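Participant: All residue numbers for the sequence shown refer to our numbering, where the first residue is 26 and numbers rise by one.
None of the hints are false.
Within a straight-line C-alpha distance of at most 25 Å, the following computed BS3-like cross-link-like pairs (lysine-lysine) qualify:
#, residue 1, residue 2
1, Lys112, Lys122
2, Lys270, Lys185
3, Lys235, Lys220
4, Lys217, Lys235
5, Lys217, Lys270
6, Lys270, Lys235
Okay, the calculated beta carbon distance ranges per label pair:
#, residue 1, residue 2, range
7, Asp139, Gly45, 26 to 36 Å
8, Arg203, Met145, 26 to 36 Å
9, Ala180, Phe147, 16 to 26 Å
None of these hints come from the bench; they were simulated from the model.
Model, not experiment: these values are computed from the prediction.
Built from N, CA and C at the ideal position, the CB exists for glycine as well.
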Amino acid sequence: MQTIISADSHVIESPDVFTGLVEQFGDEAPRVMTVGDQVDAIVIPARGMRGIGVGRLGLAGLRVREDGNFERRHGHKPEATDLQDPKIQEVLALGYKGLQPGLRDGAMRGAEQDIDGVAMEFLYPGFFGMFSLKNTQLQVALQRNYNDWIFDHAAAMGEKMQERLAEFTDHPLVGDVRGVGLLGAVELVANKETKEAFAAQRAVGAHCMKCCENNGLILRAMGDTMAFCPPLIISADQLDELFTKFEQALNETLNWVG
Numbered sequence: 026m027q028t029i030i031s032a033d034s035h036v037i038e039s040p041d042v043f044t045g046l047v048e049q050f051g052d053e054a055p056r057v058m059t060v061g062d063q064v065d066a067i068v069i070p071a072r073g074m075r076g077i078g079v080g081r082l083g084l085a086g087l088r089v090r091e092d093g094n095f096e097r098r099h100g101h102k103p104e105a106t107d108l109q110d111p112k113i114q115e116v117l118a119l120g121y122k123g124l125q126p127g128l129r130d131g132a133m134r135g136a137e138q139d140i141d142g143v144a145m146e147f148l149y150p151g152f153f154g155m156f157s158l159k160n161t162q163l164q165v166a167l168q169r170n171y172n173d174w175i176f177d178h179a180a181a182m183g184e185k186m187q188e189r190l191a192e193f194t195d196h197p198l199v200g201d202v203r204g205v206g207l208l209g210a211v212e213l214v215a216n217k218e219t220k221e222a223f224a225a226q227r228a229v230g231a232h233c234m235k236c237c238e239n240n241g242l243i244l245r246a247m248g249d250t251m252a253f254c255p256p257l258i259i260s261a262d263q264l265d266e267l268f269t270k271f272e273q274a275l276n277e278t279l280n281w282v283g
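Please build the complete structure, drawing on both the sequences and the hints.
Facilitator: What follows is the structure, encoded as structure tokens:
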């Protein structure tokens with residue numbers, strides 16, 4: 026089975042991305058508002074009050090097409106759906122509420138990847154207007170907000186990783202578990218009660234690293250401490266797979282130690 030990597034995925038910026046901009050930059054600043062029949066539109070008043078609805082920005086991620094017959098035009102992306110479809114009109118009228126969770130919430134992005142069968146994504150903004158602002162200070166402030174917002178995914182996965190790491194605290198081979206966010210370490214010891222280390226020549230950490238590799242997991246052994254540093258885009262299911270493989274490798278190492 027081939028690994029699927031998306032080189033053209035998008036998110037739809039939540040209202041948090043525009044927080045504080047109106048107060049600093051007035052009508053030049055983008056904000057989310059309802060304008061006429063457009064619910065949750067991103068509007069820059071200095072450019073006019075029409076803006077673009079977030080529902081339309083997120084159409085490609087709706088998964089409402091039941092057939093695979095997408096219209097292809099040279100130099101254009103495939104049409105994801107028919108804007109005149111009554112079902113689509115209902116979704117557009119919902120604004121943010123009509124979007125898939127992972128389009129508007131970085132912490133839910135991993136779940137969306139699992140549904141779509143995508144292992145890795147290059148994420149682009151949905152609101153490309155953030156790159157064409159003439160006010161440099163406004164552009165920097167907006168992109169800073171955007172970076173803070175997209176980091177939510179890594180923060181959520183960091184909490185899950187620390188929870189999974191803590192499960193190894195009682196393992197007979199583990200003397201210490203420590204970490205923060207998506208960084209972690211599991212220290213292997215000869216005596217769990219006294220924390221006595223293994224003799225260096227036994228190279229227990231190196232053996233555990235080899236067991237990890239045999240189980241399809243790449244970890245670094247720093248002496249007898251196993252170091253974890255998965256990518257920021259790792260999903261919840263991928264974290265579970267990581268620790269399932271590590272547990273198998275750890276048990277194999279325990280049997281080898283004797």
